[in-house]
Amino acid sequence: MHAAAHSSFWIALLVGIASGSIGPFILLRRMALVGDALSHVALPGIALAIIYHLDPFYGVVVFLVGAAFLVFWLEGRSRVPPDAIVGLLFTASLAIGILMIPNEDVIESLFGAFPVLGLPLLAGILGAAVVLSALCFWLAKRFLFLIVSPDLAKVHGLGRGYDLALLLIFSCVVALGIKLVGTLLMGALTIIPASIAKNLAQGMRRYVVLSALLGGAISVAGVWVAESFRFLPGPAIVLLGVAVFAASLPFARRGMA
Amino acid sequence: MTDDRVLRVEDLSVTLDEQPVLQNVSFTLKQGEAFAVIGPNGAGKTVLFRALLGLLPCTGRVEWRRDVQIGYVPQRFAIERSAPISTMEFFLLQSPSFWRPSAAFTQRLDQELSGMGLDRSILRKPLGELSGGQTQRVLIASALLEQPSVLLLDEPTAAVDAGFEETVYALLHRVQMERGTALLLISHDLSVVYRYAQHVLCLNKSVVCQGTPVEALNPQALTALYGESSFYHHEH
Chain A
1 MHAAAHSSFW IALLVGIASG SIGPFILLRR MALVGDALSH VALPGIALAI
51 IYHLDPFYGV VVFLVGAAFL VFWLEGRSRV PPDAIVGLLF TASLAIGILM
101 IPNEDVIESL FGAFPVLGLP LLAGILGAAV VLSALCFWLA KRFLFLIVSP
151 DLAKVHGLGR GYDLALLLIF SCVVALGIKL VGTLLMGALT IIPASIAKNL
201 AQGMRRYVVL SALLGGAISV AGVWVAESFR FLPGPAIVLL GVAVFAASLP
251 FARRGMA
Chain B
1 MTDDRVLRVE DLSVTLDEQP VLQNVSFTLK QGEAFAVIGP NGAGKTVLFR
51 ALLGLLPCTG RVEWRRDVQI GYVPQRFAIE RSAPISTMEF FLLQSPSFWR
101 PSAAFTQRLD QELSGMGLDR SILRKPLGEL SGGQTQRVLI ASALLEQPSV
151 LLLDEPTAAV DAGFEETVYA LLHRVQMERG TALLLISHDL SVVYRYAQHV
201 LCLNKSVVCQ GTPVEALNPQ ALTALYGESS FYHHEH
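Taken in order, these protein sequences are the chains called A and B. Taken in order, the first sequence gives residues 1 to 257; the numbers are from the numbering used here. Taken in order, the second sequence gives residues 1 to 236; the numbers are from the numbering used here.
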């Protein structure tokens with residue numbers, strides 16, 4: 001197995017777990033589509049980083065964190081329906097990104113690749129994935145309180161800061177996985193494990209744990225399939241996840257879909 | 001604020017969509033007191049509660065005692081039904097540890113559950129599958145978990161079966177007596193107000209009357225509040 005595959009397995013495992021950990025909250029906040037579109041914002045970031053000869057990862061982080069603040073700001077303005085604006089803006093950034101990125105890098109930017117990373121950046125990505133997963137579990141109670149009853153949560157002193165925290169964790173997880181899974185598909189990786197786990201788990205604590213485990217397992221299995229059959233890792237992971245989701249459908253609990 | 005006052009409200013006004021919803025409401029809530037807010041539909045009762053809790057922007061003064069611990073039982077609990085959350089996990093939202101609750105927390109929870117006439121088996125049920133009455137009792141038990149010094153109840157028996165209504169008020173009365181909890185409650189039922197409240201505030205966008213139920217709820221005040229049909233209510 002070559003070095004890129006080795007680091008891909010580690011990224012798949014730890015970023016997969018992080019995706020699975022944040023996914024349930026994104027899904028329950030009904031932000032699955034916004035979240036999916038948000039990953040497109042990474043594309044102009046990749047383009048600028050390539051133009052300035054930086055590692056695309058840094059461009060991705062800056063643009064995604066910026067997008068998280070933008071969504072948070074839009075959500076706070078009750079008179080503007082955020083969906084339409086988010087849809088337009090994020091699709092526009094996809095278009096801008098495609099025009100700016102050199103042709104030979106387009107496929108890799110959209111659908112991911114087996115990344116060749118220096119040890120410091122690899123260690124940084126893996127460490128960040130562990131920290132973000134831990135944050136999801138630590139903040140789970142507060143995220144859930146705000147989902148179940150925003151009023152009661154506010155009476156208990158939970159403010160909009162946690163909404164921002166949720167978006168920022170989500171953006172960072174997406175940023176970590178983009179090299180492997182690509183800008184078009186990374187959003188899906190956060191939604192798929194959570195959707196499968198929702199069909200299977202009873203109770204919120206089991207839901208989050210199962211989603212995290214599925215995120216890791218599906219990503220690792222996807223990388224293995226891609227490595228064995230010489231596919232791109234992004235589509236392999238996402239298609240495998242969708243297949244597992246289809247298999248989980250007969251187990252979906254009534255009234256909980 | 002002197003010690004026996006838990007809440008002082010002065011000239012509270014709320015405007016929503018450029019329409020005045022509450023105007024110049026003033027009152028004081030004392031420690032251990034049962035304080036009822038009555039008024040017709042659309043009088044701004046729930047708006048008043050939401051303003052007191054800081055959930056709505058308002059003008060005027062809302063002064064809670066500094067060490068106050070507030071419990072809130074909303075009227076309609078719009079829970080996100082797609083969340084696969086069990087009743088136990090709903091209670092755990094108030095536990096210091098969501099993942100591994102302490103024995104002390106579980107013990108306190110058992111106490112509040114039996115106080116509300118709920119069986120432990122309800123903890124395993126999904127929150128979204130409880131009946132209206134069960135949800136309401138779970139909400140009250142959950143508000144009592146943190147031993148609040150004030151309990152705000154927005155029509156606490158609206159969704160409870162008729163037979164259980166009396167039990168809920170008797171229980172709340174016991175909480176008030178034994179723990180010294182102040183109760184601020186919205187009610188439609190004047191007999192409840194007469195029986196349990198020490199103070200009543202009649203609200204119809206502004207304060208129509210206030211005082212002890214016997215002195216405040218005179219025929220003139222009730223007519224001003226509900227219109228002519230109030231004579232029916234007065235028969236209680």
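Everything labelled a hint here was simulated from the structure, so no lab data went into it. Computed from a predicted structure; not experimentally measured. Backbone N, C-alpha and C fix where the C-beta goes; we use that ideal spot for every residue, glycine too. Incorrect hints may appear among the rest.
Unchecked claim - Computed beta-carbon distance windows for the label pairs:
no., chain 1, residue 1, chain 2, residue 2, range
1, A, Leu74, B, Gly54, 22 to 28 Å
2, A, Val242, B, Arg100, 33 to 39 Å
3, B, Arg8, A, Gly203, 50 to 56 Å
4, B, Gly54, A, Leu121, 33 to 39 Å
5, B, Gly42, A, Gly161, 55 to 61 Å
6, A, Leu74, B, Gly42, 30 to 36 Å
7, A, Leu33, B, Arg8, 45 to 51 Å
8, A, Ala95, B, Ala104, 56 to 62 Å
9, A, Val242, B, Thr59, 50 to 56 Å
10, B, His188, A, Tyr162, 54 to 60 Å
Unchecked claim - Sample of chain A residues lacking proximity to chain B, with all beta carbon distances greater than 10 Å (derived):
no., residue
11, Leu99
12, Ala140
13, Leu152
Here is how each hint holds up against the structure:
Separated by about 23 Å at the C-beta atoms, A/Leu74 and B/Gly54 satisfy the suggested range of 22 to 28 Å. Hint check: A/Val242 to B/Arg100, Cβ distance near 34 Å, so the stated range 33 to 39 Å holds. About 43 Å separates the C-beta atoms of B/Arg8 and A/Gly203, a value inconsistent with the hinted range of 50 to 56 Å. Separated by about 45 Å at the C-beta atoms, B/Gly54 and A/Leu121 break the suggested range of 33 to 39 Å.
The hinted window of 55 to 61 Å between B/Gly42 and A/Gly161 is violated, with their beta carbons roughly 34 Å apart. At about 32 Å, the beta-carbon gap between A/Leu74 and B/Gly42 stays in the expected band of 30 to 36 Å. Between A/Leu33 and B/Arg8 the beta carbons are some 47 Å apart, a value that agrees with the proposed interval 45 to 51 Å. About 57 Å separates the C-beta atoms of A/Ala95 and B/Ala104, a value consistent with the hinted range of 56 to 62 Å.
For A/Val242 and B/Thr59, the Cβ-Cβ distance of about 53 Å falls inside the hinted range of 50 to 56 Å, so the restraint holds. In this structure, B/His188 and A/Tyr162 break the distance hint of 54 to 60 Å, their C-beta atoms being roughly 35 Å apart. No Cβ of chain B comes within 10 Å of the Cβ of A/Leu99; the nearest lies about 39 Å off, and the non-interface call holds. Once the 10 Å rule is applied to beta carbons, A/Ala140 is inconsistent with being away from chain B; the minimum gap is 6 Å.
Against the 10 Å criterion, A/Leu152 falls within the reach of chain B, whose nearest CB is about 6 Å from its own CB.
The structure fails hints 3, 4, 5, 10, 12, 13 (numbered hints given earlier, in ascending order).
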